[in-house]
Every structure is written in C-alpha cells, then in structure tokens.
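Numbering (this note's numbering), first residue to last: 3 to 86.
Simulated from the structure, these hints should not be mistaken for lab results.
Since we're looking at a predicted model, the values are computed, not measured.
Positions of the beta carbon are idealized from the N, C-alpha and C atoms, including for glycine.
All clues stand as given, with none of them false.
DMTMM-like cross-link-like pairs, simulated, lysine to aspartate or glutamate; straight-line CA separation at most 25 angstroms:
1. 37 / 80
2. 25 / 11
3. 37 / 59
4. 37 / 56
5. 50 / 40
6. 60 / 82
7. 25 / 72
8. 37 / 79
9. 12 / 80
10. 37 / 11
11. 81 / 59
12. 37 / 53
13. 12 / 76
14. 25 / 79
15. 12 / 72
16. 25 / 82
17. 60 / 11
18. 12 / 82
19. 12 / 59
20. 81 / 71
21. 12 / 56
22. 25 / 59
23. 81 / 9
24. 81 / 53
25. 60 / 9
26. 25 / 9
27. 12 / 79
28. 25 / 56
29. 62 / 76
30. 12 / 40
31. 62 / 72
32. 60 / 72
33. 12 / 71
34. 62 / 82
Label pairs and their calculated CB-CB ranges:
35. 85 / 10: 11 to 21 angstroms
36. 47 / 23: 20 to 30 angstroms
37. 50 / 21: 32 to 42 angstroms
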Amino acid sequence: MSEKKSEIEKFNGSNNFVLWSMKMRALLTTQGLAKALDDKDELPIIMKASERVELMEKAKSTIMLNLSDEVLIEVVEEKDAAAL
Numbered sequence: 003m004s005e006k007k008s009e010i011e012k013f014n015g016s017n018n019f020v021l022w023s024m025k026m027r028a029l030l031t032t033q034g035l036a037k038a039l040d041d042k043d044e045l046p047i048i049m050k051a052s053e054r055v056e057l058m059e060k061a062k063s064t065i066m067l068n069l070s071d072e073v074l075i076e077v078v079e080e081k082d083a084a085a086l
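Just need the whole structure built from these sequences, with the hints factored in.
Okay, here's the thing in structure tokens:
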C-alpha cells in the first residue's frame, strides 16, 4: 500500500493563517504527529520519553518545512511544535 504525500502551501505571512493552521493540523494528523500540538503534560502518560522526543522533533520539523524562509527566521527560537 502506498502512502499519498500531502502538501500544503507554505505560510508566508500574507496567506490566511487560520486556513494554513487547519491544513497543518490535518497534515500532522495524517502523519501521526498531531499529539505534539496538545498539552505536553499529557504526553508522559501515554508515551515513553524517547517516543515523546521523536514525536516532538518530527512535528516541529514538519511545521518548519511548511513555513517560508521569511516566517521561519522569525520563529527559529521556538522550542516546540505547539509554539510554532
């Protein structure tokens, strides 16, 4: 079974953030990464530490790859996916 790759337009600051964030959450959901946007206090209950770190890194990377360079430079200091 092949996976269909979903792509969304990068957020560049002038396109609609609400629509982009809805699409971004949907993309993270299809990749099994949406939990990274939820309350971090719940993750230790359902995941091992190593799984949690990997989930957070993958989600953050996915979001970063869907930001234009101009927006990315503004949020480069953010520590986690939810903050992005």
